[in-house]
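Residue numbers (numbering that gives the first Met the number 0), protein chains in the order written: chain X, 0 to 887; chain W, 0 to 90.
Be careful, since some hints might not be right.
[Unchecked claim] With a straight-line Cα cutoff of 25 Å, these simulated DSS-like cross-link-like pairs (lysine-lysine) come out:
#: 1; chain 1: W; residue 1: Lys8; chain 2: X; residue 2: Lys203
#: 2; chain 1: X; residue 1: Lys225; chain 2: W; residue 2: Lys81
#: 3; chain 1: X; residue 1: Lys203; chain 2: W; residue 2: Lys75
#: 4; chain 1: X; residue 1: Lys320; chain 2: X; residue 2: Lys337
[To be verified] Here are the simulated distance ranges between beta carbons:
#: 5; chain 1: X; residue 1: Asp204; chain 2: W; residue 2: Ser45; range: 14 to 22 Å
#: 6; chain 1: W; residue 1: Ala54; chain 2: X; residue 2: Val425; range: 33 to 41 Å
#: 7; chain 1: W; residue 1: Lys78; chain 2: X; residue 2: Glu28; range: 48 to 56 Å
Simulated from the structure, these hints should not be mistaken for lab results.
All C-beta atoms, glycine included, are put in the ideal place defined by N, C-alpha and C.
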Amino acid sequence: MIASETVQERVQIPLAAESLSPERIAYLEGLVSQARTAAAVFTQFTQEDVDRIVKPMVLAGMEHALDLARLAVEETKLGVMEDKALKNMVATEFAYNYVKDKRTVGIIREFPERNLVEVAEPIGVVFSIIPITNPTSTVLFKCIMAIKTRNAFIFSPHPRAGRCGAEAVRIMYEAALKHGAPEGVFTCLESQNLQESAYLMRHKDVRLIDATGGQGAVKAAYSSGKPALGVGPGNTPVYLEKTADLNIAVVDIIVSKTFDNGTICASEQTLVIDDEIYDRVLNKFAELGAHICNEKEAGLLARTVIDPKTGFMQPMAVGQKATDIARFVGLSVKPNTKLLIAPIQGVGREHPLSVEKLFPLLSVYRAKSVDEALKVCVDVNHAGGLGHTAVIFSHDDEVIRKFSEVINAGRIIVNSPGSIGALGAVYNDLVPTFSFGCGTGGGNSTTDNVNVYHYLNIKRLARRTQAHMWFRVPNQIYFNMNAVENVHQFPSRSTIIVTNPSMEQLGHVDIVRRYIPEGTHVHVSVIPDAEPEVKVVMQGVEALNFYKADQIIALGGGSVIDAAKIMKLKYESPEADLQELAAPFLDLRKRVVQFPTEKINRARLIAISTTSGTGSEVTPFAVLLDKERGRKVTLADYSLSPDVAIVDPQFVMSMPKGLTADTGIDCLTHALEAGVSNYASPYTDANAMEAIRLVFKYLPIAYEHPHDEEARCMMHNAACIAAMAFSNASVGVNHALAHAFGARFGVAHGRANALMLPHVIAYNAAVPAKFMPSPYTQGYVAHKKYAAVADLLGLGGNTIEEKVKNLVTATEQLLDQLGFPRSIAELGISKEEFERAMPDLTKLAFEDPSGRSNPRMSLVSELAELFWKAYEGRGPAKVAGASQQQTA
Amino acid sequence: MAVITVWIKINEERVVEGLQEAGEKLDSAEGEVVVDFSSVRRINPSAIRALEGFADAADGKGVKVVLRGVNVDVYKVLKLVKLGSRLSFVA
């Protein structure tokens, strides 16, 4: 039967130090003061200074490895001298081998590709509690860590290991001092008691508590309120699976469990063996010197070596030989017995031997299946061993993988001894340590093998990165009169022309058909002249599927081209979820919802625009009307960009005046907003500036003289060029305001833009109340860029302020010339109605993604102010001024 | 009251001795004593103790201690041992 129960921790935690005498407090204060000074002085040391000290310390530790081991065994009466000597060697030589080339002073790591540098900062004074089980090796190891990281350590050896611990500290301190370490870098408490430890743990100048050992010390460390590396007890399950090499496994387990008489907390505690190999394994253990207990002997052990009140092992058994334990308990074993093995039937308080036993007693469990074995290991893991160590012997990778998933242990040792394996660098490539981080399962902040980096504050020097930018447009753009002829160069088996009724009536569809290569099956899909609805788009997709189209020609204004973009998307990737793809994002490259890349169909999209404003023929945007949900869905992704754009002015020669003005101002707004956008780049600036120049020069002509071919051609180019700019630099708050206002009051997009534009230029040119965070810009430059526009247009002005003012005036004059209303009020919207709408307007405008690239972060109150300025208008028109407008 | 400033230059090799000598001149100072640390690249625990003692003595005599030319590494050490707030610093 499998049972699980967490062993209750019953420890006394010292809470205060009131009982300390003034003399003891003075003594402790002296230790801390000395250590604080040493730590402060240590901050001046270089890497070379530090490394010069570490090496002779390591040699000193190794030279005294056996002496210290002898002293430890004599004093503590625990463990095996030869094993302790080996541990002392590992603690020095292996630790040194790992740290010798590590940088721990100044710049310790550099990541040039990320513009990041890590710089070490010492911790300061560390209070270190040393366990009785490894009283000298732990000191040797931590002294090396201390010097390597330029920290001062106050050591507190276990009360029953005070002399050997102090001697280890003395040896290392003398070696360190001799080679230049600061005086007072190591100090050692004369004797450990919980009150003094509590006092030091709470001392303001002690920066870190490094507690390795008993539960009381570790608990106290974590209760002190100070950062702590507390490494406490474990309960290592070991699973011996049937595919394992049994000869290796049995020897490894004996090596590990008998090493220093089992005092390493990573050593195996409960061995779970597959049923098929159980008897063979026990026979091998017996052959190699283990005593296999019968039920009665196991019961006797359980009652004797485990405290029935606490459920923990009895201290008198810790670190004792198997034969001594047997004699004490009253078991008859052979004189050369190395290990006691006691079968158990479950895990938990009713199975006392299932807990941690830091002596050569191993409990064994016979598992009928892998599933049962894993569950018992989980039980052992949860019975006091969470986060510590686990061991598996197996050659079945799937079993090993599953074991690693279900067991919560910082170290999962495979096909090697648990105790020595966990120490690292001997049987595997784990970082060498004498402190095992046990993660949150063990109340620790780390599952690492504690080493140098845990004794450092690592500072990250993060240099500003040059943000990668982009300029993406369709790779083929044909422009000027009769550019539509280029359609002939695109072979197709089946082409669908997406258009609207007016294009058919004007004969534009026939013009396009004329240039489609012979032999192409052509189908014309006529959609309403309005923002595309989901239903319309899906009908188009049906047609694409029906005709197995390999080419779509979108002929129309922004709505038609947008519809064609979405048809293509759904045709190529039917699974694309339009609602999901419309999810908001901050950075195009980091967006959560990605557009599909897998396509079941492929069709070329040729966009022929018939208005000079939206520039949809080159943009990666498409707006869809979701009538069912009563909302607009804006899709944005470069995969939506048409493959080919045709900018042929013959299709705009018949545009009415109002549409010419609306689309022309939309184009100007695109260019002005892209120009001052936080995403602006030299590439987009070039496009934005040229588009602005063309609009100021040609829009009035195209408006007044619709048949002026040059003006129409240049305005058509301007719209496309401005679209290339804002496709890559985005727009700004003008669009955010216009979207909100246009949607609420049913005002055409260009007209809505026009109402806001002069106010937004003045607003963006002023010093922002709040700057917009942007890694792409070099300071605040919007006002200078507006001034550059004024210069380009030859508007005059000696200062930036004058130039901006002249640009605002020129824009107002242009709007007047085009017959735009001067205010929202002129549209017949009452003040009361506008006021009622204001909360919704500001909310929509604030949430509009266009505003995120604006050079000013627009506060809601500022948006309201802009709306009111647009409502109240620009003052009386100066008709005379309009004709004096200067253009380049 | 006139301020009589005493200037003392500290040699890096003899910080402790230099501060002891400076301590002896405290009686002749009124107002402040300026200790020139510009040639001290590092200080050790003995120097810190000597500086603490010097600051104590100066406090006792009501003399302000001004350290001149302290490099940033030494300045950081003085901050860590909490001597920074007891001393004044000039470039």
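Evaluated hints:
Distance restraint check for W:Lys8 and X:Lys203: the Cα-Cα separation of roughly 35 Å exceeds the 25 Å cut-off, and the hinted pair is therefore not satisfied. Annotation: proposed proximity of X:Lys225 to W:Lys81 holds, straight-line Cα distance about 20 Å (limit 25 Å). About 18 Å separates the Cα atoms of X:Lys203 and W:Lys75, which keeps this hinted pair within 25 Å; it holds. Distance restraint check for X:Lys320 and X:Lys337: the Cα-Cα separation of roughly 7 Å lies within the 25 Å cut-off, and the hinted pair is therefore satisfied.
Between X:Asp204 and W:Ser45 the CB atoms are about 20 Å apart, so this pair conforms to the stated range of 14 to 22 Å. A beta carbon spacing of about 52 Å between W:Ala54 and X:Val425 contradicts the range 33 to 41 Å that was offered as a hint. At about 20 Å, the beta-carbon gap between W:Lys78 and X:Glu28 misses the expected band of 48 to 56 Å.
The earlier numbered hints that this structure contradicts are 1, 6, 7.
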